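Q: Sequence:
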Amino acid sequence: MKEIIYLDTDFLHSFLAQQNNGLPTEITKENFEEITDELQQQFGYNSRSQIEATLDTGRFEIPLIFNSPKGAIKGVFQPGTYSGEKVISTQTEAGKEIISTRLHDNALELFQKQLKEEKRLFTIDSANVGDYIILKAQFNIIDFNYLLKMIQPEILGKIMVYKEKSTIESQLKILEMNYQTNKSPEIKQQIRKSQDNIKKLEKQANVNTTNLKEVEKALKYLAEVLPYSSFLKIKNAVSPLKEKYLRESASELAFKYTVDENSLEITLLGKITSRVKKVTTEEFAQDDIINGLSGLFYDILIPFGIIEEGDLIISPVAIYFE
55 MKEIIYLDTD
65 FLHSFLAQQN
75 NGLPTEITKE
85 NFEEITDELQ
95 QQFGYNSRSQ
105 IEATLDTGRF
115 EIPLIFNSPK
125 GAIKGVFQPG
135 TYSGEKVIST
145 QTEAGKEIIS
155 TRLHDNALEL
165 FQKQLKEEKR
175 LFTIDSANVG
185 DYIILKAQFN
195 IIDFNYLLKM
205 IQPEILGKIM
215 VYKEKSTIES
225 QLKILEMNYQ
235 TNKSPEIKQQ
245 IRKSQDNIKK
255 LEKQANVNTT
265 NLKEVEKALK
275 YLAEVLPYSS
285 FLKIKNAVSP
295 LKEKYLRESA
305 SELAFKYTVD
315 ENSLEITLLG
325 KITSRVKKVT
335 TEEFAQDDII
345 NGLSGLFYDI
355 LIPFGIIEEG
365 DLIISPVAIY
375 FE
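Numbers given in the working numbering equal positions in the sequence shown, counted from 1, plus 54.
Some clues are possibly wrong.
Distance condition first, Cα-Cα at most 16 Å in a straight line; then the derived EDC-like pairs of lysine to aspartate or glutamate [as the list claims (entries may be wrong)]:
#: 1; residue 1: 190; residue 2: 319
#: 2; residue 1: 289; residue 2: 363
#: 3; residue 1: 298; residue 2: 64
#: 4; residue 1: 331; residue 2: 365
#: 5; residue 1: 298; residue 2: 62
#: 6; residue 1: 170; residue 2: 185
#: 7; residue 1: 254; residue 2: 223
#: 8; residue 1: 217; residue 2: 256
#: 9; residue 1: 242; residue 2: 230
#: 10; residue 1: 287; residue 2: 362
#: 11; residue 1: 325; residue 2: 230
#: 12; residue 1: 289; residue 2: 362
#: 13; residue 1: 173; residue 2: 185
#: 14; residue 1: 253; residue 2: 218
#: 15; residue 1: 287; residue 2: 319
#: 16; residue 1: 296; residue 2: 62
#: 17; residue 1: 287; residue 2: 230
#: 18; residue 1: 219; residue 2: 250
What the hints contain is simulated information worked out from the structure, not anything from laboratory work.
This structure is a prediction, so every number in the text was calculated from the model and none was measured.
Use the sequences and the hints to build the structure in full.
A: Given below as structure tokens:
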């Protein structure tokens, strides 16, 4: 059984339409009944005798099309007053037809089956640009928006040294208390050393903050210029992810499947669209600047360790656990 986290339904719609001369449809019929009760009463004065009568109005029915009102009329006449009560019960039946386009639950299996039958499904080691591949390996989800929320330089810079600094500060308090009763040079030296270590950690926190601010700037730039904000990194391949095809948001996936603790393997089915290469200064020549800029999109991800030169760019059709 597949646990699908990404499925390009537009692509599979196109595949099914070409295989079936249009998208398969299902027709769903729904029937409903509406019952309405109405109570009518009349009062007056004019009779000197009492008479009670009940009349059944009957019911006329054309099966599946129409039901006539069914009810009863009851009248009571007595000296000096009269009253009448009429209850009408109306039952209406109607039908409505819904025609909806449906995507087969096994569309992914049908697509994979056809690729295998046509011998168009390759492994990553034997595939070329333009080929469909299936790849199963450990993975990492990278989402720039999620990373931007995490990187708050002023806070994160201090958090990175917080544990070590707190430990030294606790030790320093104990040393200072001991020094009040024992003025030994050894304790005094330990106090100075602890104070120096705390100052070093505070400087390190400032350095961390400065570095994180630079990373924050770079991430903001990438989030703005790249056509996708999230990627799947798997083996020596990278797949850009379209948010609308994800079953869960990229930030949820990035949180659930962290790099260090993730030993799960995921399966990627997709098409190789290009191979990453470093952009040289020659490619920014006046007559080739457009091609140079196009290649720069993935080239700027290399310093972040997201991709490496030679990695494959794969347009994903489906990503799932098995």
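Q: Now tell me, hint by hint, if it's right for this structure.
A: Checked hints:
no.: 1; hint: 190 to 319; verdict: holds (6 Å)
no.: 2; hint: 289 to 363; verdict: holds (13 Å)
no.: 3; hint: 298 to 64; verdict: holds (10 Å)
no.: 4; hint: 331 to 365; verdict: holds (8 Å)
no.: 5; hint: 298 to 62; verdict: holds (9 Å)
no.: 6; hint: 170 to 185; verdict: holds (12 Å)
no.: 7; hint: 254 to 223; verdict: holds (13 Å)
no.: 8; hint: 217 to 256; verdict: holds (12 Å)
no.: 9; hint: 242 to 230; verdict: holds (8 Å)
no.: 10; hint: 287 to 362; verdict: holds (11 Å)
no.: 11; hint: 325 to 230; verdict: violated (66 Å)
no.: 12; hint: 289 to 362; verdict: holds (11 Å)
no.: 13; hint: 173 to 185; verdict: holds (11 Å)
no.: 14; hint: 253 to 218; verdict: holds (12 Å)
no.: 15; hint: 287 to 319; verdict: holds (12 Å)
no.: 16; hint: 296 to 62; verdict: holds (9 Å)
no.: 17; hint: 287 to 230; verdict: violated (51 Å)
no.: 18; hint: 219 to 250; verdict: holds (11 Å)
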